[in-house]
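K.L.:
From just these sequences and the hints, can you work out the full model?
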Amino acid sequence: MENTLNENVLEVKDLQTRFRVQKRVVNAVSGVTFELKRGKVLGIVGESGCGKSVTAHSVLQLLPKVGHIENGSVMYYPKDGEPIDLSKYGPKSKEIRKIRGKDISMIFQDPMTTLNPVYTIGDQIVENLRKHEKLTKTEAKVRVIELLKKLGIPNPEIRFNEYPHQFSGGMKQRVMIAIAMICNPEILIADEPTTALDVTIQAQILGLMRSLQEEHGTSIILITHNMGIVAQMCDDVAVMYMGRVVEFGTLKQIFTEPKHPYTTALLRSVPVLGMDSDEDLETIEGSTPDASTVFKGCEFAERCKEARPECFKRFPKDTFFEDGHRVRCILYEENENG
Amino acid sequence: MAETEKLLVAEHIVKRYDMKKKLFDKEQKTLKAVDDVSFYINKGETFGVVGESGCGKTTLGKCVVRLHEPTSGKLYYNVDGEMKDLLNLDKKESFEMRKKIQIVFQDPYSSFNPVHTIYEAFDEPLRIHHMGNKEERMEIIADSLRKVNLQPEYMKRYPHEFSGGQRQRICIAKALALKPDLIVCDEPVSALDVSIQAQILNLMRKLQRELGVSYLFIAHDLSVVQYMSNRIAVMYLGKIVETADAKELHNMCLHPYTQALLSAVPIPKYGEKMAQMVLPGDVPSPINPPSGCHFHPRCEHCMEICKCEEPALRTIKGTTHQVACHLFDDDERFE
Amino acid sequence: MKTNSLAKLRFEKFMYNRLAVAGFIMMMLIILACVLAPLFTPYDPSYIDVTIKELPPSSEHLLGTDRLGRDILARLLYGGRVSIWIGLSSAVGACLIGVVLGCISGYFGGKLDQVLLYISEIFMTFPRYLLVLICVGLVGQSMSNIIFIFIATGWSGTMRIVRGKIMSLKQESFVESCLANGVSGWSIMFRHLLPNTLGPVIVDMTLSVAGCILAEAGLSFLGMGVAADVPTWGNIINAAKRLDIIQNMPLLWISPGLAISLFVLSINFFGDGLRDVFDPAQ
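Residue numbers (the working numbering), protein chains in the order written: chain F, 98 to 435; chain U, 5 to 339; chain R, 10 to 291.
The hints are simulated quantities; they were obtained by calculation from the structure and are not laboratory data. Note that beta-carbon positions come from the ideal geometry of N, C-alpha and C, so glycine has one too. Check each hint, because a few of them may be wrong.
Stretch by stretch, here's where chain U covers chain R in the computed footprint (C-beta under 8 Å, at least three residues) [claimed, not checked]:
1. 53 to 63
2. 143 to 153
Simulated restraints, written as ranges between beta carbons of each label pair [as the list claims (entries may be wrong)]:
3. F:Thr-210 with U:Pro-284: 23 to 33 Å
4. F:Lys-176 with U:Glu-308: 46 to 56 Å
5. F:Arg-307 with U:Asp-94: 58 to 68 Å
P.N.:
As structure tokens, this is what we get:
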């Protein structure tokens with residue numbers, strides 16, 4: 098029994114990420130807290146501009162020049178070794194470069210542009226492997242081909258020497274997964290990995306990620322806007338709105354007893370197959386506010402159907418329920434007090 | 005019966021593109037984007053077309069609004085009870101017909117000219133189609149903006165002042181301004197956020213109830229198409245493989261591709277895991293589609309006949325449900 | 010909100026770039042000084058008075074006089090008029106031709122596009138200076154000749170910019186929407202597409218103004234530009250290229266040289282600022 102091993106592999110606490118655009122300051126992420134359990138899949142859902150992507154990029158310090166982590170900590174608990182606070186290292190430091198691609202790796206949304214068109218697929222995977230492990234070229238090649246085979250790429254020996262333009266979208270995303278998984282990372286961050294793909298290909302990729310995760314025990318952060326993918330893939334869910342986590346809980350808690358009005362509305366606003374098309378969809382009125390808006394109260398208040406005058410005046414606090422389920426909404430604070 | 009009057013009938017539409025012949029190519033390569041597609045749309049209903057990228061659904065939509073000229077085929081349109089052949093009209097009539105069929109595009113950002121105000125964008129088509137004088141046109145614009153729940157004052161603004169959802173409403177308003185009978189919606193919500201998506205879908209349904217317009221609803225998201233449509237056609241590599249009522253398609257779809265497509269949609273409900281029917285391989289290139297049934301290399305029920313003979317689209321007796329698959333060659337339910 | 014707020018947004022963005030604003034101010038100052046030359050100097054730039062030749066700077070002659078007793082400041086300001094006029098008119102002329110041909114070429118495409126591209130390539134391959142030298146040899150020196158040649162050799166760059174921009178804009182949904190409504194091709198081309206290309210065209214134009222002024226100065230310096238009796242910045246330097254003048258009367262060549270450098274530099278800063286404003290990637 099390894100009791101010393103922390104249950105969580107990644108703990109993000111009160112993370113704040115800021116962007117400075119000309120003279121304006123934009124809080125892309127303002128105080129995000131979540132935990133990623135070892136060997137589990139955490140889904141981060143939200144609409145565009147809610148900061149889900151920036152959160153993920155902040156973990157690895159992969160922010161554009163104008164962005165920086167203002168506050169908070171990103172604790173990474175490796176299987177063997179001391180915990181590391183990733184937010185304390187500079188974006189170009191040796192420490193973080195050692196972790197990127199080896200312990201924590203990332204898959205991006207658009208497989209068409211993330212592969213370099215002038216190198217062969219094999220070279221690009223081998224590069225990542227040999228950066229982190231001392232292997233000869235032939236040893237590396239053997240391992241890469243083995244992985245490609247596992248990822249369901251036909252004729253991996255031939256495909257190894259081919260260029261990205263010879264691959265279809267789904268195959269490219271498989272290659273991206275290969276680059277990310279070649280060093281057996283403990284954490285895989287997948288930023289909208291299937292958004293650019295067709296449904297049947299999406300099903301292939303999701304199935305693949307599931308089986309890899311089960312086999313290697315990788316912990317995954319899955320960023321998506323699709324509630325369906327969350328329901329199919331995740332163990333825990335963080336719902337984000339305007340740079341904050343508004344609700345955090347297990348898949349069951351979020352889908353069967355959602356507390357936050359935003360989560361509820363989000364779940365009811367998507368058409369579900371076989372749904373009775375006589376009924377209207379539930380909508381969230383208005384549109385997402387501009388990222389630089391300054392709020393005095395709850396960010397969601399002006400679109401919320403259950404908003405009270407108080408919601409506009411002060412920030413809500415997190416309210417905790419059983420089993421780590423927590424909600425950032427004033428409605429539940431009162432329940433607790435009363 | 006007035007309700008089931010047909011508005012648009014498309015017969016054997018083919019759209020072929022000849023690829024540039026390269027130096028050592030022996031044969032001329034052609035891309036059949038739309039390959040012998042027939043369907044009809046009733047007045048006041050929504051006809052959904054669903055399929056993956058490259059299946060020709062967008063090309064089909066553009067053929068209907070005549071942005072593309074079909075290589076062959078017939079397109080009949082109901083003008084006061086008389087079916088007119090859209091592809092054989094004189095210039096003046098053809099121009100007149102353009103206002104009857106409008107299109108809403110996928111990308112609300114590129115749908116507007118950034119240097120023109122909303123008013124200018126609306127006014128031009130109204131002006132060239134002689135829809136009243138300046139004041140009357142202004143009233144039409146204000147009215148159509150009101151219909152999509154936007155303030156008429158917005159017409160003085162520029163497109164960049166609006167969010168994606170608002171722009172898509174403006175697109176719909178712009179299409180409505182010309183009082184069309186049919187609006188072709190080419191992936192109208194796929195570029196929008198989920199919460200905005202619901203607003204647009206509800207709005208489109210409301211407008212249909214109030215104005216009786218028909219939609220040709222093209223999308224890749226099966227759950228959206230199924231929610232919006234009365235009847236659905238599933239396309240694969242330029243061909244319709246199955247047509248059915250929306251409900252029927254969900255409950256008893258017959259074509260293996262439709263079944264795979266349905267099972268690939270992730271369901272946003274706890275405990276309902278996806279059926280494990282993952283299609284192998286990729287969608288082949290439409291330039292050199294597989295012989296016989298285009299779907300046979302990915303089909304788990306593939307038979308010898310599938311590899312050499314193209315299945316015909318056959319109708320189930322007494323219904324409008326059509327399937328193109330050799331599995332049902334001897335099935336007695338079919339006509 | 011009623012005004013063109015896209016323009017307002019761009020104006021704000023431009024004002025944020027200090028170097029560009031400084032360039033713009035400097036450029037306007039020089040242009041104003043040249044246009045309003047009679048207000049700054051009472052002298053005629055071509056009036057010869059040998060009794061006051063080679064005067065050092067004084068309160069009467071701010072920059073002194075040259076070997077023929079002409080006021081240097083007056084020559085500089087009036088010379089600037091000609092130089093700037095040549096630069097502006099050739100850049101504007103070249104742009105107009107480039108925009109129209111680029112529009113047609115980009116919108117219609119096909120064979121027409123090919124032919125226009127070939128023609129523009131032919132013009133690009135001619136060395137500018139050689140062409141000017143030949144023309145000057147054939148028809149003699151004159152300002153209109155120089156402008157004509159600058160226009161003839163300068164439009165192909167603009168045409169390529171406009172052509173490329175139109176070709177990418179053609180793919181946008183708003184163009185398809187126009188087509189679906191039966192809007193005519195000419196209307197799409199000039200009412201919808203052309204205004205969208207103006208940003209890069211204006212940038213290109215400002216930068217080519219600078220280029221033309223430099224080219225004019227170079228030609229005049231070689232004695233092949235505008236006739237020697239017309240003061241231009243290039244001609245003034247040309248007249249000062251004798252060794253004793255270079256050694257003894259530095260103001261005679263430093264001042265026009267500085268004027269050219271300052272003007273070209275400020276136009277370039279201004280143009281770069283404009284480019285940043287119109288570039289959507291920024």
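K.L.:
Can you list which hints this structure breaks, lowest number first?
P.N.:
Violated: hints 1, 2.
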